[in-house]
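Asker: Modelling step: build the complete structure from the supplied sequences, incorporating the hints.
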Amino acid sequence: MGELWQYLTAPFTALGRGALRSFERVGRSTLFLLQVLRGVPAVLLRPWLIVQQTYSVGVLTTVIILVAGGFVGMVLGLQLFNILVRFNSESSLGTTVGLTLVRELGPVVTALLFAGRAGSALTAELGLMKATEQFSAMEMMAVDPFKRVLAPRFIAGVVSMPLLAAMFSAIGVLTAYVIGVGLLGVDAGSYWSQMQNSVDFYNDLMTGFYKSLAFGFVSTWIALFEGYDSVPTSEGVGRATTQSVVHSSLAVLGLNFILTALLLETS
Amino acid sequence: MISRRGVELLVGLFVALGIAALFMLAMQVSNLSTVSMGDTYQVTARFTNIGGLTARSPVKASGVRVGRVTDIRYDDKTHEAIVTLAIEKRFNQFPVDTAASIYTSGLLGEQYIALQPGVEDQNLKDGDKMLFTNSAMVLERLIGKFMVNKMEQ
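So the sequence lines, in the order shown, correspond to chains A and B. Here the first sequence stands for residues 1 to 267, where the numbers follow the working numbering. Here the second sequence stands for residues 1 to 153, where the numbers follow the working numbering.
Treat the hints with care, since some could be wrong.
[To be verified] Between beta-carbon pairs, the in silico distance windows are:
{"id": "1", "chain 1": "B", "residue 1": "SER105", "chain 2": "A", "residue 2": "ARG28", "range": "52 to 58 Å"}
{"id": "2", "chain 1": "A", "residue 1": "ILE83", "chain 2": "B", "residue 2": "ASP126", "range": "32 to 38 Å"}
{"id": "3", "chain 1": "A", "residue 1": "LEU263", "chain 2": "B", "residue 2": "TYR74", "range": "24 to 30 Å"}
{"id": "4", "chain 1": "A", "residue 1": "LEU34", "chain 2": "B", "residue 2": "GLY38", "range": "29 to 35 Å"}
{"id": "5", "chain 1": "A", "residue 1": "LEU60", "chain 2": "B", "residue 2": "TYR74", "range": "51 to 57 Å"}
{"id": "6", "chain 1": "B", "residue 1": "GLY6", "chain 2": "A", "residue 2": "PRO41", "range": "27 to 33 Å"}
{"id": "7", "chain 1": "A", "residue 1": "LEU60", "chain 2": "B", "residue 2": "GLY127", "range": "40 to 46 Å"}
{"id": "8", "chain 1": "B", "residue 1": "ILE143", "chain 2": "A", "residue 2": "SER193", "range": "25 to 31 Å"}
Keep in mind that the hints were calculated from the coordinates and are not lab data. Built from N, CA and C at the ideal position, the CB exists for glycine as well.
Answerer: What follows is the structure, given as structure tokens:
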């Protein structure tokens with residue numbers, strides 16, 4: 001009887017265990033975020049730490065962002081021209097390219113690339129630091145790892161992300177211009193003027209900016225937490241790096257939907 | 001290993017490039033350069049139908065942008081829309097009998113208010129109400145009228 005009961009309830013037990021474990025992880029990550037944020041004011045007094053991290057998080061990601069933005073812009077130019085020319089409205093190429101890049105593709109694709117390039121590096125670095133007990137060593141020397149290691153990386157991620165997204169959108173608009181105007185013969189004046197007429201500074205540009213800020217916050221948070229919380233073995237660090245990319249990509253895509261629904265002004 | 005000076009230089013370039021991209025998006029891609037206006041004065045106009053007019057729609061005179069719509073409200077006593085127009089101070093020579101009409105730029109483009117100057121000596125000033133307005137043309141209504149006329153023939 002007892003065995004049968006255990007057999008029947010096993011799936012639910014497993015489900016409950018999994019749910020409790022993930023709740024526990026969410027709780028731990030929230031406490032982790034609070035500790036990181038508490039470390040932020042102390043770091044602002046030592047800007048060199050932030051500069052150093054901005055180099056590895058932002059500067060090293062710039063090239064991939066610029067190349068990706070360039071290609072996305074060119075593809076947008078080709079595809080949208082192809083669609084718009086069917087409705088005889090290829091002059092609104094600028095409008096469609098500008099709006100898609102500034103509102104959606106800029107922040108989202110940048111965040112995905114950011115998670116792949118910078119987030120994974122952060123996680124691997126922190127995971128290795130944990131595996132080699134560097135955090136414990138710091139605590140032994142009365143150095144707070146949250147102030148010395150985590151907060152600078154967090155600030156660097158949050159600051160870099162909007163700048164990278166802006167670069168992505170800007171280079172995309174330019175390469176779409178090259179393709180649309182240079183190659184396919186859209187009028188240069190109508191490309192820019194239609195874009196300026198329909199891209200609103202507050203509704204569109206700032207929406208994209210807020211989005212990229214939120215994505216930078218979330219994906220840096222996830223990358224740092226996955227690294228800090230990883231199992232301190234070589235396998236654990238590998239798994240943490242994978243999870244960091246998967247989780248931040250999914251978080252960015254899900255958050256994007258919520259933010260779009262909240263920020264989109266229909267009028 | 002890259003030197004401290006090199007890191008600082010590259011981060012500086014990175015931040016400068018990011019800000020330049022933001023600036024380029026603001027000035028070249030969005031309407032910030034056309035939205036920002038100098039001092040304005042406000043006048044109101046009543047329309048029976050504003051069509052697709054929204055706040056921030058342009059106000060034009062002879063096709064030149066002179067201001068924009070800042071507010072749209074509905075008056076439930078007269079059942080009319082009250083549209084507030086902000087017109088730049090340097091364009092303060094509109095007579096009081098200036099007419100405001102809602103037009104569409106292109107067949108399906110955005111809607112704007114066109115000002116048609118009148119002949120009075122007095123000029124519009126802050127807080128004035130415009131006397132003459134033409135409501136938006138609604139395409140469906142036009143097509144409806146056209147169909148009815150055709151059928152009667």
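Asker: For each hint, tell me whether it holds in the structure or not.
Answerer: Quick rundown of the hints versus the structure:
no. : hint                             : result
1   : B:SER105 to A:ARG28: 52 to 58 Å  : 56 Å, holds
2   : A:ILE83 to B:ASP126: 32 to 38 Å  : 47 Å, violated
3   : A:LEU263 to B:TYR74: 24 to 30 Å  : 25 Å, holds
4   : A:LEU34 to B:GLY38: 29 to 35 Å   : 47 Å, violated
5   : A:LEU60 to B:TYR74: 51 to 57 Å   : 55 Å, holds
6   : B:GLY6 to A:PRO41: 27 to 33 Å    : 28 Å, holds
7   : A:LEU60 to B:GLY127: 40 to 46 Å  : 58 Å, violated
8   : B:ILE143 to A:SER193: 25 to 31 Å : 30 Å, holds
This entry does not satisfy hints 2, 4 and 7, going by the numbered hints stated previously.
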